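Number of protein chains: 2
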Amino acid sequence: MATPGAGFWSFGTEEGSGDPDNPGTAKAWCQAAQKFTGGISTKLCGKHLSPRGIKLKGSHPVCSFSADLLPASEGEAITLAFLQDVMDILLQYMVTNFDRSTKVIDFHYPNELLQEYNWELADQPQTLEEILLTCRTALKYAIKTGHPRYFNQLSTGLDMVGLAADWLTSTANTNMFTYEIAPVFVLLEYVTLRKMREIIGWPGGAGDGIFSPGGAISNMYAMLIARFKMFPEVKEKGMAAIPRLVAFTSEHSHFSVKKGAAALGIGTDSVVLIRCDERGKMIPSDLERRIVEAKQKGFVPFLVSATAGTTVYGAFDPLIAIADICKKYKIWMHVDGAWGGGLLMSRKHKWKLNGIERANSVTWNPHKMMGVPLQCSALLVREEGLMQSCNQMHASYLFQQDKHYDLSYDTGDKALQCGRHVDVFKLWLMWRAKGTIGFEAHIDKCLDLAEYLYNKIKNREGYEMVFDGKPQHTNVCFWYVPPSLRNTEDNEERMNRLSKVAPVIKARMMEYGTTMVSYQPLGDKVNFFRMVISNPAAAHQDIDFLIEEIERLGQDL
Amino acid sequence: MATPGAGFWSFGTEEGSGDPDNPGTAKAWCQAAQKFTGGISTKLCGKHLSPRGIKLKGSHPVCSFSADLLPASEGEAITLAFLQDVMDILLQYMVTNFDRSTKVIDFHYPNELLQEYNWELADQPQTLEEILLTCRTALKYAIKTGHPRYFNQLSTGLDMVGLAADWLTSTANTNMFTYEIAPVFVLLEYVTLRKMREIIGWPGGAGDGIFSPGGAISNMYAMLIARFKMFPEVKEKGMAAIPRLVAFTSEHSHFSVKKGAAALGIGTDSVVLIRCDERGKMIPSDLERRIVEAKQKGFVPFLVSATAGTTVYGAFDPLIAIADICKKYKIWMHVDGAWGGGLLMSRKHKWKLNGIERANSVTWNPHKMMGVPLQCSALLVREEGLMQSCNQMHASYLFQQDKHYDLSYDTGDKALQCGRHVDVFKLWLMWRAKGTIGFEAHIDKCLDLAEYLYNKIKNREGYEMVFDGKPQHTNVCFWYVPPSLRNTEDNEERMNRLSKVAPVIKARMMEYGTTMVSYQPLGDKVNFFRMVISNPAAAHQDIDFLIEEIERLGQDL
Numbered sequence: 001m002a003t004p005g006a007g008f009w010s011f012g013t014e015e016g017s018g019d020p021d022n023p024g025t026a027k028a029w030c031q032a033a034q035k036f037t038g039g040i041s042t043k044l045c046g047k048h049l050s051p052r053g054i055k056l057k058g059s060h061p062v063c064s065f066s067a068d069l070l071p072a073s074e075g076e077a078i079t080l081a082f083l084q085d086v087m088d089i090l091l092q093y094m095v096t097n098f099d100r101s102t103k104v105i106d107f108h109y110p111n112e113l114l115q116e117y118n119w120e121l122a123d124q125p126q127t128l129e130e131i132l133l134t135c136r137t138a139l140k141y142a143i144k145t146g147h148p149r150y151f152n153q154l155s156t157g158l159d160m161v162g163l164a165a166d167w168l169t170s171t172a173n174t175n176m177f178t179y180e181i182a183p184v185f186v187l188l189e190y191v192t193l194r195k196m197r198e199i200i201g202w203p204g205g206a207g208d209g210i211f212s213p214g215g216a217i218s219n220m221y222a223m224l225i226a227r228f229k230m231f232p233e234v235k236e237k238g239m240a241a242i243p244r245l246v247a248f249t250s251e252h253s254h255f256s257v258k259k260g261a262a263a264l265g266i267g268t269d270s271v272v273l274i275r276c277d278e279r280g281k282m283i284p285s286d287l288e289r290r291i292v293e294a295k296q297k298g299f300v301p302f303l304v305s306a307t308a309g310t311t312v313y314g315a316f317d318p319l320i321a322i323a324d325i326c327k328k329y330k331i332w333m334h335v336d337g338a339w340g341g342g343l344l345m346s347r348k349h350k351w352k353l354n355g356i357e358r359a360n361s362v363t364w365n366p367h368k369m370m371g372v373p374l375q376c377s378a379l380l381v382r383e384e385g386l387m388q389s390c391n392q393m394h395a396s397y398l399f400q401q402d403k404h405y406d407l408s409y410d411t412g413d414k415a416l417q418c419g420r421h422v423d424v425f426k427l428w429l430m431w432r433a434k435g436t437i438g439f440e441a442h443i444d445k446c447l448d449l450a451e452y453l454y455n456k457i458k459n460r461e462g463y464e465m466v467f468d469g470k471p472q473h474t475n476v477c478f479w480y481v482p483p484s485l486r487n488t489e490d491n492e493e494r495m496n497r498l499s500k501v502a503p504v505i506k507a508r509m510m511e512y513g514t515t516m517v518s519y520q521p522l523g524d525k526v527n528f529f530r531m532v533i534s535n536p537a538a539a540h541q542d543i544d545f546l547i548e549e550i551e552r553l554g555q556d557l
Numbered sequence: 001m002a003t004p005g006a007g008f009w010s011f012g013t014e015e016g017s018g019d020p021d022n023p024g025t026a027k028a029w030c031q032a033a034q035k036f037t038g039g040i041s042t043k044l045c046g047k048h049l050s051p052r053g054i055k056l057k058g059s060h061p062v063c064s065f066s067a068d069l070l071p072a073s074e075g076e077a078i079t080l081a082f083l084q085d086v087m088d089i090l091l092q093y094m095v096t097n098f099d100r101s102t103k104v105i106d107f108h109y110p111n112e113l114l115q116e117y118n119w120e121l122a123d124q125p126q127t128l129e130e131i132l133l134t135c136r137t138a139l140k141y142a143i144k145t146g147h148p149r150y151f152n153q154l155s156t157g158l159d160m161v162g163l164a165a166d167w168l169t170s171t172a173n174t175n176m177f178t179y180e181i182a183p184v185f186v187l188l189e190y191v192t193l194r195k196m197r198e199i200i201g202w203p204g205g206a207g208d209g210i211f212s213p214g215g216a217i218s219n220m221y222a223m224l225i226a227r228f229k230m231f232p233e234v235k236e237k238g239m240a241a242i243p244r245l246v247a248f249t250s251e252h253s254h255f256s257v258k259k260g261a262a263a264l265g266i267g268t269d270s271v272v273l274i275r276c277d278e279r280g281k282m283i284p285s286d287l288e289r290r291i292v293e294a295k296q297k298g299f300v301p302f303l304v305s306a307t308a309g310t311t312v313y314g315a316f317d318p319l320i321a322i323a324d325i326c327k328k329y330k331i332w333m334h335v336d337g338a339w340g341g342g343l344l345m346s347r348k349h350k351w352k353l354n355g356i357e358r359a360n361s362v363t364w365n366p367h368k369m370m371g372v373p374l375q376c377s378a379l380l381v382r383e384e385g386l387m388q389s390c391n392q393m394h395a396s397y398l399f400q401q402d403k404h405y406d407l408s409y410d411t412g413d414k415a416l417q418c419g420r421h422v423d424v425f426k427l428w429l430m431w432r433a434k435g436t437i438g439f440e441a442h443i444d445k446c447l448d449l450a451e452y453l454y455n456k457i458k459n460r461e462g463y464e465m466v467f468d469g470k471p472q473h474t475n476v477c478f479w480y481v482p483p484s485l486r487n488t489e490d491n492e493e494r495m496n497r498l499s500k501v502a503p504v505i506k507a508r509m510m511e512y513g514t515t516m517v518s519y520q521p522l523g524d525k526v527n528f529f530r531m532v533i534s535n536p537a538a539a540h541q542d543i544d545f546l547i548e549e550i551e552r553l554g555q556d557l
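Line order of the protein sequences matches chains B and A. Residues 1 to 557 in full-length UniProt numbering are what the first sequence spells out, letter by letter. Residues 1 to 557 in full-length UniProt numbering are what the second sequence spells out, letter by letter.
Among the hints, a few may not be true.
Any copy, or any two copies together, can satisfy a pair, since identical chains are not distinguished.
Pairs of lysine-lysine, DSS-like flavour, derived with a Cα cap of 25 Å [as the list claims (entries may be wrong)]:
#, residue 1, residue 2
1, 525, 500
2, 297, 328
3, 458, 500
4, 295, 237
5, 458, 445
6, 403, 500
7, 403, 525
8, 297, 237
9, 295, 330
10, 103, 403
11, 295, 281
12, 140, 403
13, 281, 328
Hints in this document: simulated from the structure, not taken from any laboratory. Bear in mind the structure is a predicted one, so any value in this text is a computation, not a measurement.
Based on the provided sequences and hints, a complete structural model is requested.
See the structure below:
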């Protein structure tokens, strides 16, 4: 480590950057910065006024450092100039983000990208000009997840109100554990979770819930609470003190159910995967058969995790039939609606989740189908108070019992997390800005687009659907069969060759940067494309483009 | 739910807001908005130009909705105007955040705040003017966590470069699970974690790690990995297949160790709390005694979680002695440096963590002592590959094995989370902007301020220190003894009255809004103040103010 000067806070001044009257060696530092235009150096170096018209003390060219920003004394002008420059970079990115003539991705292999720029961390500070340049560079290589032709993940798009709310959240820079330090956000979480429970159909929106860091953690919370409900002694005594538990979920369910079981000490062997029909929906008779089987072995079935919107097929498990079975065998019913929960906002599509009101807990990720910026995942629980009993440890330095306000708003002890990021404000502000009908229209539009894609390719030459029938969610799963493989015999050799088609097309998409869509194998089905649409920017022309692009990139295979 | 029009995306146009040439009923919608000045309505309603000088089509007053923003066609001007207005609100907040003449908090009881404003979610959208007003309102009631006199939590302050980085992160809106969709951020995580491991002292920065959603989850990950290292079969077979495990941590350690044990099916009874000395440091001989005791009972000690910087006292456990014991009994050594890890950046103070290089895993939260915006917590693991083996589930739709780039950069399967928020960029950008010496100077300054406070009150009338000697971290723990309790007999009645002093002073601080500092009881010690300093804005005058304020608010008690 190099020897620092008299310390960081005097560093700026020593180098002449803190005090415009005393430029010191600032001129040398400025050399690199001078080549940029429109940045802070242009605004503050050699000008009397900052962009906000706040007069600076001197008139010498000055290069600025992080130490010159607020809370440094007289840091206001330079802070406003710096943040305004950042803002301009972000606005510029945003506008190109939605521009169909720009690339979705400027792909570089990891080793290339590591060498393209010096990303290393050093002892000495960089100037704010360099920091601005770095921001531009980071965005240059970013994937444009809001681009109309970015279809790669379940979370796509960039909502402007959600973004504004996220900026505000960062600026407020607080923590959800107590009302004391996040009064507004804690109340908005309360209001929003109640509204979500109402929409699920729990009377009066009663119940409990929390925003957690993602659907996998929400699902793990559900498993944790279900176990605690049945065997509360597990909290103190551990799994050694209770019978062997078994959880049930479909073979198409999200891998987080198994991850949760591994983490909670239940073990992945105790997660029974229930068979699905050809559409990817759990088969209730198989569920019941496996529950009976587990009981006969002396195990205790404690959780069924049904899926509302599977990751690959977008399938909705038959919730009513599953609820009946859960009731019959007294098993906690969880619905993983991370992906499909958003359809509850649509009067046209919510029937697909009929029966969800009978669930004991629901995972619902507004950052997926509802287009809220990452991350925003809710776990909703029907029984109030259970989360608190399950997770609380009564840390006296956070949850003092002699505070002067209603302690029920101190929600931190409901979670495994201590500090918890504010994830609610962006959802809440978007909801205010769009209204429920705004989310509804967005969801209806995305499902319409998926149907448009399905109708377009179902009988088109060179396409084979992975499953028959109209998509229930926006997932459209298909193989593109290049000319050389059409009319060939359906044997292992063909499957082998077909399995290589999607990866090659995907790699070419990324190299050209024109679009991105996901692919994967599933069970005995070789690599196929999984198209999903959650991006508000996507339009019919983008679906048309995707088809043309797949054909352009795959015709020689 | 009200009946929507022809759908959300045409709603704006129907109401005349999407097309300035066709104002429709926009005038009525504008009425509420007209009363605000400086907002979008002023800029776009009745003006020909947006603030960026982009000419709008018409000249009628127009009120805008979320549906008019990008990606709506012709949404660019209104988007820029809207985001610029948001930015102005944030900049204004930021400047007052650092202004000592403003309140730290404008306190309202939960029921008051619920009634103060209509926070409810509705079917219909609100105008962008209303959204801007809402942003102002949310900030009005926010706690100014960057205020020079906010000392309430371990995370305080608001770093401008960190904030800019967080805004950029929100704008990039992506997910850490694969290189494919977060190339820059994944590489920066790699670079930053390696640097942190170097600083810990692991040769060449080798090892593994991840940014997780907070210190509690990082600690839980450590426990999960330690268990897996000793009994890899636990992943499939659960706790039923392995012996009874025991973990050890000090009685002053963070409650997340117990939370983790409860969640992982180990049980809180299997967390043995080791006694601390009067400064809050774990007593190594007691640790060894309890390990031997556990083994004699046939249990398997698998984890010692030492604390580097306890939450209340700021104590550093003797890591070298603990490392010797862990080595002797072959136990995983974890160091919870969530709070104290930052001291590794200071050549003056890092000796307090001597021995950390012998740990198997380390939690280190840059969002605490290093002032990175919330949240930013790292778990570092010495053995490479263990996190992956422990947590991976090989989801084929995310971690395709036939991708065209080096798959070792797809880090998602190391975590329990599937989606993972980008927490690294703000730390990385701050590091570039400050340099290591910048973090060092910040930490040295905060520790100097803590010593200043300690020196000021240790012999001052009306103060009693909770423990003797100079603080090792920035935690200064003390009782304020009001005049009526001075020179009274040290009995239960006095303790009883003393226990009520801090809560009353704290409640008054919040009602006046002048400052915030935490209090809590600990063991047999009744409520005392715990002062912590991590805020770069804090100066000697703020420490002086705190003392005066405590005396002003507490003299009549």
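Hint by hint, here is what the structure shows:
no.	hint	result
1	525 / 500	within (12 Å within a copy, 68 Å between copies)
2	297 / 328	within (18 Å within a copy, 42 Å between copies)
3	458 / 500	within (21 Å within a copy, 73 Å between copies)
4	295 / 237	both (23 Å within a copy, 18 Å between copies)
5	458 / 445	within (20 Å within a copy, 67 Å between copies)
6	403 / 500	between (63 Å within a copy, 10 Å between copies)
7	403 / 525	between (59 Å within a copy, 18 Å between copies)
8	297 / 237	both (24 Å within a copy, 16 Å between copies)
9	295 / 330	within (12 Å within a copy, 39 Å between copies)
10	103 / 403	between (54 Å within a copy, 20 Å between copies)
11	295 / 281	within (24 Å within a copy, 49 Å between copies)
12	140 / 403	between (49 Å within a copy, 22 Å between copies)
13	281 / 328	within (20 Å within a copy, 53 Å between copies)
Consistency with the previously given hints is maintained throughout, with no hint failing.
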